[in-house]
Structure formats: structure tokens, C-alpha cells
Amino acid sequence: MNGPVITVLDQRAMTWLLAGLGLTILPHLINLPLWAAILAVGIGMWRWLATRRNWHLPNNTIKLLLTLGLLIAVFVNYGTLVGRESGTALLVLMMGLKLVELRQRRDVLVLMFMAYFILVTHFLYSQTIPLAAYVMLVAWLLISLHMHLTSLDQRPMRHSLRSAAGLMLLGLPLMLALFVLFPRAAGPIWGLPKDAYAGMTGLDDSMSPGAISHLSQSDAVAFRVKFDGPAPPPAKRYWRGPVLWSTDGRNWNPGPQLRQPDWQTPELAWHDNSIAYTVTLEPHNRNWLFVLDLPATASEHGRIGREYQLTSSKKVRQRLKYHMVSYTDYLTGELPEIERRLGLQLPQDSNPRTFELGQSLRQNARSEINIVEQALAMFREQPFVYSLSPPLLTSNDPSDQFLFESRTGFCEHYASSFTMLMRAAGIPARVVTGYQGGELNPVDDYYIVRQRDAHAWAEVWLAGQGWVRIDPTAAVAPERVERSINTSLLGAGEAVRFNVPHSELLAKAWQQLQLNLDAINNRWNQWVLGYGPKQQAEFLHNLGLDITDWRSLAWKFLLIIGGLFALITAFVLIPRQKQIDPVLKSYQRFCRKLARRGLLRGENETATDFAKRVKANRPELSEQVDRITALYSHLRYANKSSDKQLLQFKQRVIEFNP
Amino acid sequence: MGVTALHSWLDKLPPRLRPRGIRYQAASAKQTATLRGKRIFILPTKQGMVFFTVLLLMLLGAINYSNSMAFVLTFWLGSVTLVSMLYTYRNLVNLDIKLSGAEPCFAGGHAAFHLILTNHQLRQRFDIDARNATGINAVASIARQDHTQITLAVPASQRGRSQLGRITLSSCYPLGLFRAWAYVDVEAETLVYPHPSDHSPLPPQGQGSGERKQTHEEGSDDFHGFRAYHPGDSPRHINWKALAREHGLVTKQFQRHQSPELWFDWHDTRGADIETRLSQLCRWLLDADNQQQRYGLRLPGEVLPPAQGKNQLEQCLARLALFGEST
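One line per chain: the protein sequences are A and B, in this order. Start counting the first sequence at 190; every next residue gets the next number (this note's numbering). Start counting the second sequence at 66; every next residue gets the next number (this note's numbering).
These are computed hints drawn from the structure, not numbers from a lab. Check the hints yourself; a few may be wrong.
Just so you have them, the derived chain B footprint on chain A, three or more residues with Cβ under 8 Å [stated by the list, open to error]:
1) 232-242
2) 331-338
3) 717-729
4) 754-762
From the structure, some residues in chain A lie toward chain B, with a derived Cβ separation under 7 Å [to be verified]:
5) D296
6) M346
7) A354
8) L356
9) L359
10) L367
11) Q507
12) I749
13) I750
Keep in mind that this is a model prediction, so the values were computed, not measured. All residues carry an ideal CB built from backbone N, CA and C; glycine is no exception.
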């Protein structure tokens, strides 16, 4: 042990180190630009070969040039050095550079610190259970490497892995206590980089052809709903999002009035009983919250505007849970003049045929309801096709092209042209976007609404009824509102098929598995990822801690953490009792069994002598006693003995019954 | 304030004011020092401070992004760090240390101090660093319920005595984020002989030693016997016949019948200062011993009668090492 101290990393240590660092950056490789990913992997491979072949490491000038080059490359690629993406790329590449100059064991620590930091950045991209498990496993490997490579003692990696596991297990209770008790603050302390929320999907507050069908390809969860009572039927599960007033004939926008604050929340007159439910909304980096058509109460998380749309003052960047009450049958009040004007507005000199059709509907119809019915009948009776990948509308009059030529479209095409048609016929109308339907998860009895359930429909204002929801898509494809689309079964260009229940056992089992997984995910989201200020207050309150007095809470926090640490300290520092040899322990048990029958082993009696005496007294036990004594002598005194023999010995003693 | 600065500051305190751990324990060949808990210090290392900064950054990130899994990882690494502190302490506590021996050396060489570290624990101890005030160190791991010997080779530049003095036993195991240490005063001393001067012929023997000188010149060595060959034996003395008979290398031994006694006298040496003269004497002693002569040493105020062998050499060299000491 007291030999020369080895400070240079040898081949074996280097291989372990590179494996650990490789696993650390692995999930980032898909986020990095190709050149950076290739460079990072390349540096690792070069370093491995350099150790193996004893290559010279580059000198300071080359390292300096490399550093500058990488800084510039990252800056050129991202336009910044501080964002989430560029920061990650920079960290990974700088770790590569550090690896280039790595020679001594003591330099390993810096690399380890960088690797720990890179580990935590994975969670800025995803926090799913598999990734979390992966990161924790890599953390274990890193701690083991940290221990292995900083130690001068040349012990096998196996030992470090075991010690690191021990460290982590002892740290686990402390970690859990800190996680639960550490005060959580709402929202960022300082500004986040602009790209912090890149990649969050969701409905936009504008709609153009293809926008929603794009979302329909995504199985990502938009939100989950738990109804307090029975759920409304699928045909009534319209989840209201942005309401769009203004159009140029192709694109739809909310219009400028959305932000006028002086509009009061309108009174609703409702027909049926209220439906109470809790929505857990996935972050989508936008202001609107989705509610069942139509919401009756405001929520602490947002206010209800004139258009019965729930909007939050902040963009939803964390999973948000809110409780709501809605009514599926309702009567809205009078139509203010400004809404009438907006609801009839049509772009000039565009879609002339749509305009003409609207005009003629108006002339031939007996009532406003009749106009709506005729329009829907047209969708139903003429060869309109509901398709996820409709032909592009290239004309300057997209509505005309859709209604009279292609007649193939997705919900946004129907909603858009129907609304324009109504406006042309003089009926105030608007487009509403949101989600429709939702899949029941029977495991925990909640509904999953996915991005693929994104939908667009129309609302028309009818005298005496107020705003009435009209879904032209339902006229074309009534199944759309009964079942959700299963896009994974869909080939490009095919007409949409709907989720038909499979009879096959396998498909059912698969579905059940999916639902179970989603239930686990949901709990993970609610309890682990969604553990924020509110959940913490709730949890601490349930624990019986007074959450109003922060000073006493801080004391209790310190007390709990301190107490826990004291327990761990005691566990670590109190010396273990010397372990009794398992062979001896079993033999003593054998002796105790005989002692109960009056056969006491003498102080200095050897096992063989004792066995002789026992056999003389109880000849019927001869065979058993001989076996046990022989095994005991072998295990105690022979140089070689196997675990199997020990097991056999133990078993025989257990079965021994004098 | 750096950790090193704190150490030296604590060291400068008058003993009364020092914390308990600074009232060092003593270890010697007879006395075993046990590193009791109260005498062990523990502080973060420089790398530890860097790691805390990294953890703090991770925590700020977790708070800012309200990222639960980032909290989990940060808290877990933090907890592991805290537990590692306990491991560091445990790695050092109740370690026994004892002096097992010290080897003298010549000035310019290294005096070796052997220490025995005993681990009574049921756990292995790793990377225990023993270091004296001048920074000479040795690192060792000790298996469970085992002991190991470490050697501190202290450079000795000056003739006289070399002391090991206070040593610091420390360990940064397992993660290098904390350093636990304890001081032990080791009562260990060994002699530093003068640096032998360059090879020079043995002094002419005068003052009533002329007779012996003559015998020496005659060189009437008689065959005395055989012994096993040692490297450095003159080829002329090798028994080649024995080698031819496959008896291995055997050296013929000769003994001067009248065994001329050499006297090495302080006054026979020439040199500008004491050290040069002592170096000269040292060289003679070594050469004479090498040639298996009988010799005596005459120093001002002290005379060692002629004798032969290892003991005589050590006695003589010790006199040289301590020459001039007021005893």
C-alpha cells in the first residue's frame, strides 16, 4: 500500500471516465447541432485512443485556439451564449476541452463538477420518469467515478460503485426531506433565457389552414381532467380555448378587442346542472386555460373574458392545476353592438363565391336557424371529406377553393369557411379553437386530452338563444366528436379513421398498459413534478405544520433536517458490532437445540467429542449429527469451502429437530 | 480565509488558547496515539468549495425554472456531500499511530521514520496521508483490523539530529470535498552523520603506530576462510576453483594476523572548518569498515578504543554526528 503514488490516469481509469462522461451527455446529443454532437463524441474517442497509444496531448496554443473556435462556433450557431440550448452546447464542448488537457487524477474533479452540472440540464428539456431514472443512474456512476479516480488507492471500480451506492442511500432520506420542506417559490427569480420554453406545443391564438392538423399528429398530453361527478357525454366535451374574430379570408386572429379590460364578465343563464372538474394543464407557454364550454366561475388562475374564455395573466410555463365549474347548456345574453360588428366583418374582395352562397342562403331561408341548418346540410350531403392531410389551399380565395373545389379538409377548414358563410348570410359568427373529446383513463378515473384532440368550431349568435356552438366538422364526420383520432394508424394522405375499439386481446392489453402508464405519469406529474408552492403548503398543512408562521416553519424545517442528519451521523459513526461468523452462529444454534434436550456441550469439548457423546445418548440422531459435525468442521477448518456448503449446513441445522 | 491560512493561524496560538485538538497527542515507540474524535478537524477543501458553488448554481437553476427533478438531483448531490463528510471523519477517527523505528542517515540524505498505523475498525481506511511540517508525506490505505507501516523520508541537510516532530494525519476520502486532519507529535529522533568526503587515502599512521604501519605495508594477510560472495568483493579474492566445482561464488577471507589497528585522529584531518574535517573522518571510518579493519577514533576530549564491525562503525559515526554538542 505504501508504494509509489499513481497520479496519472491509466487506460482502465480513462475508459471508465469516458464511459461515464459519454453517458452523461448522451441525452443531449439529439438536442445539440450535428457538428457539436460529432465533435463531442470525437473528442471522447480521440482521448481514449490518445491514452491507449500514448499520443502527445496538444499544447497550450492549440488548446487556446480550440477554445476560441468553439466559443465562436456556438455563438454563430445560436446567436447567443447564454440561452438554454447554447448554454448546454457550450457546457458539453467545454467538458470536451477539459478532457483534452486531462492528465492528472486531480484534474478529474473539475470534469466531475461539469458532468454533474450537465446532468441537471437534462431536466430543462424533459422530466419524464425514464429520463429521471436514467439521470439518477448516471449520477451514481459519476459519484463512483469521482470516488474511484480521486483516490490514490488502486482498488477495483466495483468497490467504488458499492461505496457510492451506500452514500446515495444514506443521502436519500435527507434528499426527500429537503425536497418536501425546502421552501418553493412561484415563478422565476430572474429572467429566463428566451429559448427556455422552446418546444412547448399547444394551440396558438391564430388559426391558419394546417395549424391544427399539424397538432393532430401529436400524442402529447394537452391537459388532464378529473370530473367531480359524472362526465358529460363526448359530444358535449368541448374544451374552450382562444376565440377568433378577425380574418383576412385565410388566417384567423382574436382581433384587437380581446385586450379591452373594461368588459365585464357576462352573466350566463343556464339550463342544466353544473359540472365541476379539475384540469391539470401541461405548460404550453401561452396565456389561455382550457375550460369546458361554457365556464361559469372565474378561477384564481385566470379571469373569464367577454368571450367566456379563461385567460391567465402569466404564460403557463409550469403544469397548472385549476378547479372550474361549467354548464354545457346555456343561454348567453344580448349581443353588444361591437360584437355584432366584429361578428359580421368579412374581408373585402376575397372569397366572392362564399359570399354569394351566403347571400343566397339568406334569401331562401325562412329563419336564421334555417340558414345554419342549410349550411350544415350542404356539408353533410355534398361530397365533403374530413382529412388530416388535405390538399393545400393555394388560391387567394381559400374558402371558395375549399367549399367548391377541394372539399377535403380538417376541422379548421370547416370552421373557417362555415363562419365566413354565416357572416355572408348576415349571422354574427366567430371561430372558437380548443380541444374536443378526451380519453377516459379508468385506472385513476380521469380524462386525458391530447394535442391530437385539438379542434376548431364555430359559434353563431341567434336571437333568443345567444351564442350557439355549431360544429360543421360534426356534420361531415360525426364520429369525430364521438371518438378521438388515432393518428398513429394513419398513413399520409389517407382519410381520417377513428379509434374503433379493437377486439383483439393484444390491442386491449396494449391499451390497458398505455392507460396504466399514463396514470403513473399523471401521479408523477401531480405529486413530484407539480410539487410547487401550493402543493407544498397543502402537504405541510396536512402534516400538521403551521404554514402561516414562516419563522416557526423555518425552525421546524431546520429541526427536521438537523434531526435526520443526526440520525444518519449516528448510523455512520457508531461502530458496527463484530460480526459473528455465520458458521459458528449456526453451530451454536445446533448446540442450543441439543441443550434443550439435556445434552450440554462442555466448555472445552471439541465438536467431534461432543458428537460422539450425543450419538451415544441418542443413537437415532447419529446420521444427522454426523452430517452437521462434518460440515461444521469442514467449514470452520478447511481452507476451501463454498457458499453452497454453508447454505447446506444452515439448512441442516434448521431442520435438525432432536 | 483559506484553509491553510486557518491551520497556520491556529498553530500560532499559545497552547492554552488552542482548541482541544491543537493540544497534540504524543506518539512514540512506546506510546500509541489514538486519533480521538475531539481532536479531529474537518473542513471543506478548495475543491469542496468549488463544488458547493456548483451545487448552489444548480439550486438557483432549480428554483428559477421551478424544476422538480433539478431539485431532486441537487438535493441528492448535496445530501451525498454531507454524508461524505461523515465518511471522511470516520476514515480518520480512532486510528492508532505508533513509531516503529527511525534510521540514521548521512547529511544530504534522508532520515527515514517508520510509523505504524493500526486500524481497529471493521472497515478499511483509505488514503491516509501522513505529513510532517516540511511537507514530506506518505499515503497509505489500511485494511480492516490490520496495520500498515509508512515511512517518512525526511531530508537531512545538516549533521546532527533529525527529528520528525509534529505530523499531520489527514484524509480526503471519499470525494475529496472535505479534509479531516489531526496532529500528532511524534517523539522520533535519529542521527545525521556527516556527509562523507570524496574518496581519500587512509591517513598515515604516526605517533607510536609506526610499527603497525610497517605491518600494513608488508601486507602479510593470511588466508582465514571462505564466506559467501558479496557484491563489491575483489575478483582476486573469489575462489574460482569452488565456482568451477559448481559451489557458487565464494570469497576467500583474509585476516591480518597481527591485525593492525588504525587510529583516526581529529588532528590528522585537514580542512577549513569542522564539517570538512568530520567529513574526512567519516570517509575514513567507512573505508576502514569496508576493508574490515580494526580502528579507533580520537576526537578532542574523547577516545574510542579500536574495535571492528557494525557496532563500532555506528558508535564512531554517532560521535561524529554529535560532535560539538554540549553534553
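Hints breached by this structure: 1, 5, 6, 7, 12, 13
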